[in-house]
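Protein sequence lines, in the order shown, are assigned to chains F and S. Just so we're aligned: the first sequence equals residues 25 to 426 in our numbering. Just so we're aligned: the second sequence equals residues 1257 to 1575 in our numbering.
Everything labelled a hint here was simulated from the structure, so no lab data went into it. Predicted model only: the values in this text are computed from it and were never measured. Some clues are possibly wrong.
To be verified - Think about it this way: if two alpha-carbon atoms lie no more than 30 angstroms apart in a straight line, the pair counts; the simulated BS3-like pairs of lysine-lysine are:
no.	chain 1	residue 1	chain 2	residue 2
1	F	K132	S	K1376
2	F	K94	S	K1376
3	F	K132	S	K1379
Said to hold, decoys possible - Cβ-to-Cβ under 7 angstroms is the rule here; a few derived chain S residues that face chain F:
no.	residue
4	I1264
5	S1369
6	N1373
7	K1379
8	D1483
9	S1519
10	S1522
What the hints assert, rightly or not - To spell it out: a stretch of chain S is covered by chain F in this simulated footprint if at least three of its residues, at any positions, have a beta carbon under 8 angstroms from a beta carbon of chain F; those stretches are:
no.	segment
11	1469-1479
12	1523-1529
Backbone N, C-alpha and C fix where the C-beta goes; we use that ideal spot for every residue, glycine too.
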Amino acid sequence: MKRTNKKFAPVLLTAAFAIGLVACGGDDGDSSSSSEAAGTEAPATEAPSSEAPSEGPVVVDCAPEEGPLKAAWVYVGPTNDGGWTQAHDEGRQAVQEHFGDAVETTYKENVPEGPEVAQALEDLIADGNTVIFGTSFGFQDAFVEVAAKHPDVCFEFATGYLTSDNMAQFYGAAEDTDYLAGMAAGAASATGNLGYLASFPIPEVVRGANAWTMGARAMNPEATVKVVWLNTWFDPAKEKQAAEALIAEGVDVLGQKGVDSPATGDAALAATGVLWTGYNTDQSANYPSVWLTATTYHWDVYEIPRIQQVLDGTWTSGNYYGSLADGFVTLAPYGESVSAETRAAIDARLEELKATPGSQFTGPIKDNQGNEVLAEGVTHTFDELMSMAYLVEGINGEIPAS
Amino acid sequence: MNSNIFVIIISSAIFYGTPLFYAALGGILTERSGVLNLGVEGTMLIGGVSGAWACLHIGGSAWFTVTMSILVGALAGGLVSTLLAFLCITLKTNQTVAGLAITIFAGAVGLSSYFANIWKVAKTPVPRPIRTMDVFGLADTPVLGPILFRQTSLTYVSWLLAIVATVYLFRTRVGLQLRAVGESPQTADAMGISVIRYRYIHTILGGALAGIGGVFYSLAIVPTWVDGMTKGAGWIAIALVIFGFWRPSLTLLGAYLFGALQSLSSTLKARGVDISGDILDALPFIMTIVVLVLVSSRFAHRRLGAPAALGVPYEREER
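Sequences and hints are given; from them, build the entire structure.
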């Protein structure tokens, strides 16, 4: 009988492995995880103020003594994931193109959020890279650790909250473009019955769902939004199933945040009369008949000036939050279903949000339990935005306990 | 009537269970010959990316393009499994290690992503996706319409394959010999059956079916190639082989049960039913663990049909 057990060992091992693999799968597919988790632990703005030395920021000289500046990007996913990592890599390519021979860029993809990160960083530093960009929240601890060991290397971290003399943070106001996308969704809906696919119930995604809903209700005050929490950053089949389930419930416009595979668009395409606002990727050319618009990020807007500062010898740590004004976040091209009237309304609102980011979160705002969150004329502070934990009126559903 | 929650869940379960069944059916054939294929996940991804490439490049009528894409995906899956067969059967390496190596080598971080890069198939929706059909115009029949008559061509073919595979395994001479190879290769060899040939053929066939499962993801579910899009389906398929006791019919039901659990989660969430999403999402995996614990008992192992020589390389001299 021992034979039997022995033979089964690999099967069980496999199963255990398989389950483990699937269970951790949430992290490897998409890095947005990182990002969005940013706000959960500490509001982004607090970090620098609490740690900034009183004598002002320290200039870090991380330019090489001779030869081109070597800059590296560390990605959690593959460069053609069609979403988060791809957008980051397009930023890297833009940097390379902008600086030509003066800068030599490289990247490491599919770096798991674990002990491999510090090793990858040490390898990159040993190769002579003196500016390193991190693009996944789970990399943060390793970045902090390695940054402390290498004070002459500049570290740039997207979507985290910890800074030091040689480690800066950067991200941007997607809630503004999410709001504008929501306006397109609300205006396009014939029934006022909208659906939203959300990854995890953390502040950034909650903020996106709220902004999108408020945008939709700005165009159609009767609109309601059904939210499905997917509990994944990347799972195309699951995204499609959720989209189909929402369509079966009668929604005629779908939106999404955190998850960004084109499966949602295909669900809209396969149904009739369903429209879609995407996330992170411009799919206007691929899904013209169902496409409305989407939030897109332009990482190079931040990265090019920062590299220039390194070359100029003026780089200091900081905490950047981009906006519509500097083009860090933009609205993807409109689809054919967005009427001229709607475009005009969105464009007008876009100018306002450009001038005052986050101003859509101005009272009166009620949560979906009927409680007043913001009184007339009061606007959320940045810290409140970064730790948002309520759903606005108009959303059917609640934030699941985590 | 057809927006009834059960109709939605069952029809969706069949759709999303289809790729799981293809991969699991491949697993049955491979394991029945005594070879354990843990490379299913990677094989599916290679099939998926190859199928997407074919769909983007092969012209002709829609039916021709789709059929060719499926065949290309099957061929690619078969090629990957040929490598596994060579490692496991000819070189007699540890099958667990070889299978894991195949998944790592071919999977989300490996060859499938590399092909997607050089073939430039990522981000471009396939021009001829596999859509659900309206069979005999009955798709809108109450209850049965969406469940039986609004599925994809690959789903109908999979039903046919379930029958064919059952007959093949349990009613034909070749099937009997295959099972002999998996149960007792020494005996089979003594009877004049070529153990090596049977194992090679069924490992490759299994890989081809996993490749078709992958094509279902890139042509029917998304339908655009996205790196790592199977997201663990290959591992569920391996569990399904055990879940179905190495029998095609039970595995088909198992695949639909898994599909139903996933669909139940989405549907209940979309309806705003107040159930923890975490629990719903974990159900398929909890079920996998329960099943594996149950069938790994000695009793279950003997009674439920695990091939006795599963995972053991065949050495002619060994007794």
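Each hint tested on the structure:
1. F:K132 with S:K1376: Holds, at about 20 angstroms.
2. F:K94 with S:K1376: holds, 28 angstroms
3. F:K132 with S:K1379: Given pair K132 of chain F, K1379 of chain S holds - Cα atoms ~21 angstroms apart, limit 30 angstroms.
4. I1264: The hint holds - I1264 of chain S has a Cβ within 7 angstroms of chain F, the shortest such distance being about 5 angstroms.
5. S1369: holds, 5 angstroms
6. N1373: holds, 6 angstroms
7. K1379: This hint holds: K1379 of chain S lies near chain F, its Cβ roughly 5 angstroms from the closest one there, short of 7 angstroms.
8. D1483: holds, 5 angstroms
9. S1519: holds, 6 angstroms
10. S1522: holds, 4 angstroms
11. 1469-1479: Answer holds; 4 residues pass the 8 angstroms Cβ test.
12. 1523-1529: holds (count 5)
Consistency note: the structure conflicts with none of the earlier hints.
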